[in-house]
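Enquirer: Chains as they are written, first to last, in our numbering: chain Z, 1448 to 2130; chain S, 1448 to 2130.
Because the hints were derived from the structure by calculation, they are not lab data. Just to be clear, a hint being listed does not mean it is correct.
With a cut-off of at most 30 Å between alpha-carbon atoms, the simulated DSS-like pairs for lysine-lysine come out as follows [what the hints assert, rightly or not]:
{"hint": "1", "chain 1": "Z", "residue 1": "K2091", "chain 2": "S", "residue 2": "K2091"}
{"hint": "2", "chain 1": "S", "residue 1": "K1818", "chain 2": "Z", "residue 2": "K2091"}
{"hint": "3", "chain 1": "S", "residue 1": "K1777", "chain 2": "S", "residue 2": "K2130"}
{"hint": "4", "chain 1": "S", "residue 1": "K2075", "chain 2": "S", "residue 2": "K2085"}
{"hint": "5", "chain 1": "S", "residue 1": "K2091", "chain 2": "Z", "residue 2": "K2085"}
{"hint": "6", "chain 1": "S", "residue 1": "K1777", "chain 2": "Z", "residue 2": "K2130"}
{"hint": "7", "chain 1": "Z", "residue 1": "K1818", "chain 2": "S", "residue 2": "K2091"}
{"hint": "8", "chain 1": "Z", "residue 1": "K1818", "chain 2": "Z", "residue 2": "K2085"}
{"hint": "9", "chain 1": "Z", "residue 1": "K1777", "chain 2": "S", "residue 2": "K2130"}
{"hint": "10", "chain 1": "Z", "residue 1": "K2085", "chain 2": "S", "residue 2": "K2085"}
{"hint": "11", "chain 1": "S", "residue 1": "K2075", "chain 2": "S", "residue 2": "K1818"}
{"hint": "12", "chain 1": "Z", "residue 1": "K1818", "chain 2": "S", "residue 2": "K2085"}
{"hint": "13", "chain 1": "Z", "residue 1": "K1818", "chain 2": "S", "residue 2": "K2016"}
{"hint": "14", "chain 1": "S", "residue 1": "K2091", "chain 2": "Z", "residue 2": "K2075"}
{"hint": "15", "chain 1": "S", "residue 1": "K1818", "chain 2": "Z", "residue 2": "K2016"}
{"hint": "16", "chain 1": "S", "residue 1": "K1818", "chain 2": "Z", "residue 2": "K2085"}
{"hint": "17", "chain 1": "S", "residue 1": "K2075", "chain 2": "Z", "residue 2": "K2091"}
{"hint": "18", "chain 1": "Z", "residue 1": "K2091", "chain 2": "Z", "residue 2": "K2075"}
Protein chains: 2
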Amino acid sequence: MNQLLLLVLTAGLLTLVFAFWKTRWIASRDPGSDRMMEIGGAIREGAMAFIKAEYRVLAVFIVAVALLLYFFNKGRGPNLELVAVSFAVGALCSGLAGFIGMRVATRANHRTTNAAVTSLNTALGVAFAGGSVMGLSVVGLGVIGLVVLFYIYEPMFIGLPQTMEVLSGFAMGASSIALFARVSGGIYTKAADVGADLVGKVEAGIPEDDPRNPATIADLVGDNVGDVTGMGADLFESYVGSIIGAMVLGSAAVTSAGMATSQLVVMPLLLAGAGILASIIGTFFVRVREGGNPQNALNLGIFGAGAITLIAAWFIAHWQLPEAVRVGGKDIAAVSVFMSALTGLIAGILIGLFTEYFTAENRAPARRIAKQSETGAGTNIIAGLSTGMFSTVAPVVVIATAIVLSYAFSGLYGIALAALGMLSTTGIQLAVDAYGPIADNAGGIAEMSQQDPEVRQRTDRLDAVGNTTAAIGKGFAIGSAALTALALFAAYTRVVGLDSIDVSQPTVMAGILFGAMLPFLFSSLAMKAVGSAAFDMIEEVRRQFREVTGLMEGTERADYAACVDISTKAALRKMVAPGLIAVLTPVLVGFLATPAMLAGVLTGITISGVLLAIFMANAGGAWDNAKKHIEGGAYGGKGSDAHKAAVTGDTVGDPFKDTAGPSLNILIKLTSVVSLVIAPLIK
Amino acid sequence: MNQLLLLVLTAGLLTLVFAFWKTRWIASRDPGSDRMMEIGGAIREGAMAFIKAEYRVLAVFIVAVALLLYFFNKGRGPNLELVAVSFAVGALCSGLAGFIGMRVATRANHRTTNAAVTSLNTALGVAFAGGSVMGLSVVGLGVIGLVVLFYIYEPMFIGLPQTMEVLSGFAMGASSIALFARVSGGIYTKAADVGADLVGKVEAGIPEDDPRNPATIADLVGDNVGDVTGMGADLFESYVGSIIGAMVLGSAAVTSAGMATSQLVVMPLLLAGAGILASIIGTFFVRVREGGNPQNALNLGIFGAGAITLIAAWFIAHWQLPEAVRVGGKDIAAVSVFMSALTGLIAGILIGLFTEYFTAENRAPARRIAKQSETGAGTNIIAGLSTGMFSTVAPVVVIATAIVLSYAFSGLYGIALAALGMLSTTGIQLAVDAYGPIADNAGGIAEMSQQDPEVRQRTDRLDAVGNTTAAIGKGFAIGSAALTALALFAAYTRVVGLDSIDVSQPTVMAGILFGAMLPFLFSSLAMKAVGSAAFDMIEEVRRQFREVTGLMEGTERADYAACVDISTKAALRKMVAPGLIAVLTPVLVGFLATPAMLAGVLTGITISGVLLAIFMANAGGAWDNAKKHIEGGAYGGKGSDAHKAAVTGDTVGDPFKDTAGPSLNILIKLTSVVSLVIAPLIK
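The shape of chain Z in the complex, shown without the other chains:
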C-alpha cells in the first residue's frame, strides 16, 4: 500500500512544482503602466488586508474547535484525539490554498490587462496561468494533506474504520474554512457590487468600473475575495469531501467484506492522483494560435483531462479489483466501480448543460426575463424567480437518477465514487473557474486606467469565454455536493449504527422538517447581510457623490478606502452567525436529541439545500444574462427603462448566485461531516 500512496503523493508534489513554476512565469510578465500597477497595488492591498483579518478570526475558531475535539476524544481510545490534528491540518491546507490563489490572482490581473493591450491570446495565457496555479494548488494540497495524514495514522490504529474516523477531521476542517470563506467572500463582493451598480450605473449613469465611482476598488477586491479565495476554499472542500466520503464508505465495506487488503480505501486516492496528472496535462492543451478560438482551447483542456482520467480510472479499477468483492449483498467489481464514477461524470456534465441553458444570454429563459423587463422591475423579478424555480426540475431528475444508478452499480460506495467521478479533474476545472475573475479584474483595471476601449473589449471577451465552462463547473459543484453529502451521511449512519432512518417515526419527520428549514434560515442571514452592507455602501457612495467636489468631473479622486472598509467589516461581522449555525446544529441535535433525529435533520438540510442552491444560482445567473442581453442592445439597450428593471433583477440575483447559493453547497456537506466526526461520541 505504501508504494501506491507514494505515487499519489508524487502527483500532489508535482502540482506544487508546477504551481511554483507558473507563478514565476507570471511574475516575469510585464506588470504594465504605472497606473495599472497602482490600481493593481490597491486591489492587492485591500485583498490581502481582508484575508489577513479573516484568517485572524478563523484562527480563533480553529483553535477552539480543535481543543474541543481533542478533549472530547481524549481517553475514548488510543490516539483517537488525533482527529483534532486532522481538523487543524485540513483547515490550514484550505487556508493556504486560498492564500496562494489570492496572491497569484492579484499579480496576474494587471499583467493580464497589460497583455490585453497587445492581443487576446497573450492575455488568455496570463489569466489562465493564474487560474491554473490556483486550481493545481488546491488539488495538490488536498491530496498531500490526506496522504501524509493517512500514512502517519494507518499504523497507529488497528482497523481502517478507526483510521478513517480520525482522518475525517480533515474534511471537517476544510469544510469549516470553506463555509466561512464563501459566506464572507460572498458578502464582501456583493455588498460592493450592488452598491457600485445601483448608485453608479443606475443613479449616476456612469459605466461599470468607472474610476469616479468610490466603490470600484472594493468591487474589484471583492472579485478576488469572493470568486478566487471563496471559490478555492469551496472546491478544496468539495474535492477533499468526496475523496474522504469514498474512503470512509470503502473502509466500512472492507470491514463488512472481511477483506485482508484495502483496495476500496486506497482507490479513491489513486483516482484523485490520476485526475491530478490529467489536469496538469490538460493545462498544456490550453494554447491558442493567433486567430484561434479561446473557447476551444479551454474545452480541449477540460475534456482532454476528463478523457485521460476516465481511461486511467478503467485501468486503476481493474488493477485494484481483479476480482469482484461482495459487500452488503452486492458484488463490487472493476466494471461496476468504473460505471459508478462514469455515472457521476455524466450526471455532472448534464447538470452543467442544463445550468448553461437556464442562464446563458442567448437562450430562451434569460431572453424571456429580458422581455419581461419591458414592463418593469416587478415582472422582471417574477420572471427570474419562476425561471430559477423551474430550473430545479432537470438537475433534480439527473441527481435522483444518478443516486439510484450509482447505487445499483456498487452500493453506497458507488454514490461516493460518482461524486468523485465529477471532481477528479477539479484541478483544471478550477483553473478555468478562477481564470474568470482574473479576466474580470483585468477589465476593471483597463477601465480605471483609462485604456483604449479595445482593451476592455478583449478582457470582456476573455471573461465571456469561460462562461460555458464555468456553468459546467457549477453543475459539478451542485451534483457532487448532493452526492458527497449523501455519502458522508451514509457514513454517519454506519458509524452511529442506525440500520434504517424511518420517516414514519415522528422524531425523524420532525427532524427532516427542521433540517429543511435551516438552508432557508442560512440564506436569509446571508442575504440580509448583503442587503444591509449594500445599504451602507449605497449611502457612502451617494455621500461622496454629493460631498466630494470635483469627483464627477474627474478632478478629484474618490475615497476608495472608505468603501473597502465597509465591505471588510460587514463580511467579517456577518459571517459568524451562519457559520456557527452550520457547525452547531448537528452538535446540538446530536447531543440533545437522538442520532435518528440528527439523521432526519441531515436529510432535510441536504434536500432543501440542494433545491435552494440550484434555484438561487440559476435565477441569479439568468438575471445577470438578461441584463447583459439588454445591454447588448435589446429592448432599448443601456439606459432604457427595461435596462433599469434588469439591473434591479441582477441586484437581487447577486446575493442569490454569489453569496447564499454557493454557500449552501458547503452547508450540506459541512453538517454531514460534523455529524460524522461527532458520531462516535453520540452513538
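For chain Z, the structure is supplied; the task is to place chain S on it using the hints.
Expert: Chain S alone, transformed into the frame defined by chain Z:
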C-alpha cells in the same frame, strides 16, 4: 352509531338554514345608488362568467377521473368502485360551496358600500353576514357530504377500513377542485392586480380602484374569484381532509386494537359537529355597539367559538372513550385525545401570531423592508426575500414540536386530531377571512362610484380590522396542512403495507429529492402564469391609456371587459398544468416505481411545500405592509422613490402570497390523498 351521526347531520343542516336566513337578510339591505348597483352588477357578471367557465372545464376533469376510478376499482371487491361516487360528490360539494360564497359575496359588496355611507358598524354587519354565509356553507356541506356517504357506505362493507377506503375519494374530490380553484383564482386576481397597480399607480399616478383604470373591474372581480371562491374551496378541502385523515387513522387503530366499537372513527365527526355549533354561536358574538371596536367583536366571535369547542371536545372525548384503548403500543385515553387536539390548536395560534409578527405593518420586519426601499427596488426585494426565508424558522419549530407532542399523546391518530383541533372552528374562521374581500370590494365600489372619501376610509378600516384574525387563519391553514398531509401520508403507508420508509434506501432518498422539487416546479408555473398574464394586462391598460381619448380626463369610459377577458382566459388556460402535475405525479410514481418511492416523494413534497408556502406567504404579506407603511407617510410617502420601490416589492409579493403560496398547502394534501386513494391498487 346512527344516532350520533344524526346529531352531526343536524348540525350540518343547521348551518344551511343559518346561511339561507343570512342570505335573505343581506338581500333585504339597501343595494345603494344606481352607480353602486351598476358596478356591483359588472363585478357579479364577471365573477359568474368566470366561475361558470371554470366549472365547465372542471366538469370534464371530474367525469374523466371518476370514470378512471370506477374502472380501476371495479371488480377489485364488492362496491369498491363507489370511490368514484365519493370523488364526484366531494368535488360537487366543494364547487357548490364556492358558488354559494361567490353569489353572496357579490351581493354583499355593494350593500356594504352603501352601509358604510352611514356607519362603520352597519357596514361590518353586512360584510360579516356575507362572510358567515360562506364560512358556514363550507363546513355544513363538508359534514353533510361526509355523514351521508358514511351512513350509506357503512352497512355495505365488512370493515371500517374498507368503508374509509371508499370514503377517501370525497377528500380527493374536494382537494382537486380546491387546487384548480386556488390556482386559477390566484392567477386571475393577481394578473389583474399587478396590471392595475403597475400601470395605474406607478406609471399613470392615479389612485387604486380609480374608474379611469381599465383593469379596475377585473381587479375587483379577482378579489371574489381568488379570495372568496378560491379560499372557500381551499378551506373546504382542509376541513374535509383533516376529518377524513383522522377517520382513516381511527379505523386503522380500531382494526389493530380489535375494538368492537368504532369511537375513534366517529369522534372526528363529533368534534366537527361541535365546532359547527360553536361557530354558529360565535357569529352571534360579532356585534358592535356604535363606537365600539370591531376587532374586539371579531376576536370575541373566534375565541368564543374556540373555547366552546374545546369544552365540548373534553366532554366528547370522555363520553366516547370512557376507558383507554391500546393502539400500536400506545394507550389512547380521553385525556390524551383531548391533549392532541389542544396541541394542534395551540400550535395553530402560535403560527398565526408569528405570521402576524412577520407581516404586520407596525412590526419590525415590514418596517425594515420599508426602510430598505429607500435605496431602491433591489434592496427592497432582497429584504423581503430574506424576511420571508427567516420567517420559516419559528413556524417550523412549532410544527415539528406539535408533531412530536401530538404523537406522544395518542400516536398517529393524535397527529390527525391536532390538525382537526385547528380546523374544527373553520366555520367562523372562514367567515372572518371571507369578510375581508367583501370589505375590499366595497372599498373599490366606493372609489369607483366616487363616494365621499370618508366612505372609503370606513371600508379600509373594516378591511384592516380583519387582518390580525386573517393572519391567525393563515397560521391554521399552514399548520393544519402539514399535519393533515402527515396524517394522510401515514394512512397511505398503512394501506400499502409499508412498515418503514427508510431514507437510507436510495430509491426513497431519490424520491424525497424528486418530491421536494415539485413545489418549486408548481410555484414556478403559477408565478410564470401570473407574470405573463400581468404582462398582457399591462400592455392592454397602456394601450387604452394611449389610444382611448378622453379616458384620463374622465369623459370616456374604459373598456373594462377587455381586461376581464385577459384574466379569465389566462386563469383557465394556466390552471391546467399545475393541477395535472399534482394529480398525476402520485399516480405515475405509484404505478411505475415502488410504493416506498412514492412515500419518499410524498415526504419531499410535504417538507418543501410547507417551507415554500410559509416563505412565500410571509414575504408577500411583509412586502404588502411595507408598502402600506410608506403609503402611511414614511420615507416620503406616496409617490416617493421609496414608494415606487415598495410597489415593485408588493407586485412580486402578489403571486407569492395569493397564487403560489396558498396553492402549495393544497398541493401537499392533494398528492397525499391521491396516493391514499390509489394505495389499494399499487400495493
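Enquirer: Now, for every hint given, state plainly whether the structure supports it.
Expert: The hints, checked one at a time:
no. : hint                 : in the structure
1   : Z:K2091 with S:K2091 : holds, 13 Å
2   : S:K1818 with Z:K2091 : holds, 21 Å
3   : S:K1777 with S:K2130 : holds, 27 Å
4   : S:K2075 with S:K2085 : holds, 9 Å
5   : S:K2091 with Z:K2085 : holds, 21 Å
6   : S:K1777 with Z:K2130 : holds, 26 Å
7   : Z:K1818 with S:K2091 : holds, 21 Å
8   : Z:K1818 with Z:K2085 : holds, 14 Å
9   : Z:K1777 with S:K2130 : holds, 26 Å
10  : Z:K2085 with S:K2085 : holds, 28 Å
11  : S:K2075 with S:K1818 : holds, 12 Å
12  : Z:K1818 with S:K2085 : holds, 28 Å
13  : Z:K1818 with S:K2016 : holds, 21 Å
14  : S:K2091 with Z:K2075 : holds, 24 Å
15  : S:K1818 with Z:K2016 : holds, 22 Å
16  : S:K1818 with Z:K2085 : holds, 28 Å
17  : S:K2075 with Z:K2091 : holds, 24 Å
18  : Z:K2091 with Z:K2075 : holds, 12 Å
Hint check: no violations occur; every hint is consistent with the structure.
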